[in-house]
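These are the residues of each chain, in order.
Protein chains: 2
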Amino acid sequence: MKSVLSYDYTNMMAEVIGEHGIAGNELTSVNTRAREIHAKIEAARASGALGFTRLPYEVDAAKELSGLASELVENFDHFVVVGIGGSDLGARAIHTALTPGIYSHLLPRPKGGMRVSFIGGNTDPRELHDFLATADLTRTVFYVVSKSGDTIEPMSVFLYVRKLVIDAVGEKAHRRHFVMATDKKKGTMRTIVDREGYQSVIIPDDVGGRFSVLTSVGLLPAAAMGIDLSRLLAGAAAMDERIKTSSNLRENPALMYATLQYLADTTRGQHISILMPYAANLKEFGFWYRQLWAESLGKRLNSQGTVVHRGPTPVAALGATDQHSQIQLYNEGPYDKIITFIRVEKFEHDAVVPSAYPDLEGVSYLAGHSFNEIINIEQAATALALTQNGRVNGTITVPALTPEALGELFYFFEMAVVYLAEYYDINAFDQPGVEAGKEAMYALLGRRGFEEHRKRIEERLNQKNEYIV
Amino acid sequence: MKSVLSYDYTNMMAEVIGEHGIAGNELTSVNTRAREIHAKIEAARASGALGFTRLPYEVDAAKELSGLASELVENFDHFVVVGIGGSDLGARAIHTALTPGIYSHLLPRPKGGMRVSFIGGNTDPRELHDFLATADLTRTVFYVVSKSGDTIEPMSVFLYVRKLVIDAVGEKAHRRHFVMATDKKKGTMRTIVDREGYQSVIIPDDVGGRFSVLTSVGLLPAAAMGIDLSRLLAGAAAMDERIKTSSNLRENPALMYATLQYLADTTRGQHISILMPYAANLKEFGFWYRQLWAESLGKRLNSQGTVVHRGPTPVAALGATDQHSQIQLYNEGPYDKIITFIRVEKFEHDAVVPSAYPDLEGVSYLAGHSFNEIINIEQAATALALTQNGRVNGTITVPALTPEALGELFYFFEMAVVYLAEYYDINAFDQPGVEAGKEAMYALLGRRGFEEHRKRIEERLNQKNEYIV
Chain F
1 MKSVLSYDYT NMMAEVIGEH GIAGNELTSV NTRAREIHAK IEAARASGAL
51 GFTRLPYEVD AAKELSGLAS ELVENFDHFV VVGIGGSDLG ARAIHTALTP
101 GIYSHLLPRP KGGMRVSFIG GNTDPRELHD FLATADLTRT VFYVVSKSGD
151 TIEPMSVFLY VRKLVIDAVG EKAHRRHFVM ATDKKKGTMR TIVDREGYQS
201 VIIPDDVGGR FSVLTSVGLL PAAAMGIDLS RLLAGAAAMD ERIKTSSNLR
251 ENPALMYATL QYLADTTRGQ HISILMPYAA NLKEFGFWYR QLWAESLGKR
301 LNSQGTVVHR GPTPVAALGA TDQHSQIQLY NEGPYDKIIT FIRVEKFEHD
351 AVVPSAYPDL EGVSYLAGHS FNEIINIEQA ATALALTQNG RVNGTITVPA
401 LTPEALGELF YFFEMAVVYL AEYYDINAFD QPGVEAGKEA MYALLGRRGF
451 EEHRKRIEER LNQKNEYIV
Chain Y
1 MKSVLSYDYT NMMAEVIGEH GIAGNELTSV NTRAREIHAK IEAARASGAL
51 GFTRLPYEVD AAKELSGLAS ELVENFDHFV VVGIGGSDLG ARAIHTALTP
101 GIYSHLLPRP KGGMRVSFIG GNTDPRELHD FLATADLTRT VFYVVSKSGD
151 TIEPMSVFLY VRKLVIDAVG EKAHRRHFVM ATDKKKGTMR TIVDREGYQS
201 VIIPDDVGGR FSVLTSVGLL PAAAMGIDLS RLLAGAAAMD ERIKTSSNLR
251 ENPALMYATL QYLADTTRGQ HISILMPYAA NLKEFGFWYR QLWAESLGKR
301 LNSQGTVVHR GPTPVAALGA TDQHSQIQLY NEGPYDKIIT FIRVEKFEHD
351 AVVPSAYPDL EGVSYLAGHS FNEIINIEQA ATALALTQNG RVNGTITVPA
401 LTPEALGELF YFFEMAVVYL AEYYDINAFD QPGVEAGKEA MYALLGRRGF
451 EEHRKRIEER LNQKNEYIV
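Protein chains in written order, with our numbering: chain F, 1 to 469; chain Y, 1 to 469.
Just so you know, these hints were derived from the structure itself, not from any lab.
Just so you know, nobody snuck in bad clues.
Copies of one chain are not kept apart here, so a pair can be met inside one copy or by any two copies together.
The calculated lysine-lysine pairs, modelled on DSBU-like cross-linking and capped at a C-alpha distance of 35 Å, are:
{"hint": "1", "residue 1": "K163", "residue 2": "K111"}
{"hint": "2", "residue 1": "K346", "residue 2": "K455"}
{"hint": "3", "residue 1": "K244", "residue 2": "K2"}
{"hint": "4", "residue 1": "K2", "residue 2": "K464"}
{"hint": "5", "residue 1": "K244", "residue 2": "K184"}
{"hint": "6", "residue 1": "K346", "residue 2": "K163"}
{"hint": "7", "residue 1": "K438", "residue 2": "K186"}
All chains should be built: construct the whole structure from the sequences, respecting the hints.
This is the structure:
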């Protein structure tokens, strides 16, 4: 298939939007750099260093996952993803984009799929309670996703529901209620899988959590929803074909996107990157994007080890909803934002506003317009208003929100963030800044080896507090 | 009742956190200004100018709304809020905080309440379709919230579902399936109500959308959920008593909060305001906060008419979830953020992690800890790590997520934003920056009087586009 995604950057340009936009000659002057970055990334790919770029082509692995999902669909009614961050945000994005989302729990099972829920993205006892009050454990399979098996949130939830499932169906039968996604060889979860004999699927060790949506992490849940995985992969592959074959900014949309984001941040101080899809189904996609951006780009050090404290702040907005919440700020506040819309030309369903009060000017003009038309007019009108106010904005368009289009969107942003990290000269693939918090947690929860750390923390927490009101 | 909310600003202070914090003498030097602002706001309140400050005490109006809700609960199974922005974000926050949220649709009716849903915060045809596929219109009452009756999104949805309800139950009977919240005297919706004879409740004309959660806008849905409105109001009143009686920063938490936010933005460039509750139930509260902050503070002009382009960017984060998504950026990225946690000491339900693999160091230490304990340790550990990294952060604590505590939280942020607008010398209550977009929408949808505007827009949209990839 051919890529169907387009990126319109008209309103990013100074020629259209004025001083806060990027001038044509600035784009030209960065051309060489863009070509170098493209070459560097393609060389890295050729050397096998970019595991995630392989995924669009792993059709056989996807077939195996579909097969496993079919077995599960036969035996269970409810598939529950237990994961956090990179272990569930991709699957959540797929669920919201390609199924009726929260409404799916009230609807009959989809063809070839079952009900899919998410838990373990938190350790909130009330959420856990409410979830369990609606789950029939005898008909539920839990998909626990943790590469290491050391992640506090999903592992706490796993240990708890494991006990409940054992109580419900017995020690022996409980095993078939769990499928684990984890490392091939090492880690706590691998040990648990081997010891208990749980079914398991592999998370490739060269693909980090935030780039893992097209591994088993995102694909097994997608298959459990009844989604044809080959279509998701075909979309990602179509985008990849476009990206890898062109180092020309005007042909490679991810490279153009990264270049404009970089220039807008570093030359204009536009360091808040807002993604604003005009489609309720892309709401969770925004949260997937938020992790990808924040963890890949928010870095203390550059590749030379120099302290740089880099990183634009990603914001997930939603059209038309946020017109009545954030647009006042976007139109009138500081010139520190880039807004990217995602526009869906044709929605899966549509309806027309009927005529009701032809004499009331406040509503009569709505009659005869379809909702598909209205939401797209809202997007166009918002882009127009921002442009008139000199606010940079761009629009990614897909013809329809199909599995192929979603695959393209995932892959587009993954490659864009990799390019962007090259511009910033930072490592897109590590996350050293989460360690300090993890160690404090281990200490406070009494994990072995953190006793000294704990003492220091407790002293600090027990200090008399004068700054409280 | 007495206020139970506390605000701990220890980690906002330079004495604790270093150069990126606010020094004690900076706080002292702003003391006079803080007192002036407090006096100005109290004078405005006394003159009747701040409508929303009256709401905590309108106990009789709340009783009437509870009475209306009781009648509806007797006659219907499903209460659907049709609103957008200030017309639904408050009710959504209440629904998520005080009911099982999305799970409530799968659970038996709450005592004295019914199922509550939200639609019309968008004009997404697929979301509308999925919602309707799960709704029994003969048992559903729609609560259409629009002060003017001119708001495109809820009015489109209203016109559409009105037709469906007429088709389902007939022209005459359809009327009892709608309750409208609108202006007392004027506007398109008032005309429709008078003509059709729909039931209606009043949105006070001196309370703007983002300050309206304690009017009929938020309270009728809350009552339909089975929530005791007097408890919500009592919490807001308890916070108001604390606020109005003290101009002392160290006694008035909203004034301290506003002061620190202002100083952090204007003296340290910390202009991204992150609200990060450690409670899944406060997720939607974050979206309510986001509108309050963005629309109240994002302004082009100050009170003198000078162009200032003000406004911190509010971000809704969620703990522990976002530890695996945003914390890398917060710990290592630019020093441009203020993080405020909301901590709930005691959750409504709890569970303990059972012992399962005592020999596996990666999980054994979790055994015996309750989820309530774990989520609060995660909050403390995250605050500690941010503090070690010199990142300003503060913590709002409530003992439990009761209706009273939620009432306090709403009112705390409303007053804080009013104080903050005074510091910035801008008008907290207008939103001129949404007009341009609205006019473009009217033009593109063919509303009378916008014909010229439409021609200009269409010329622009039809220009050949060279900036597309």
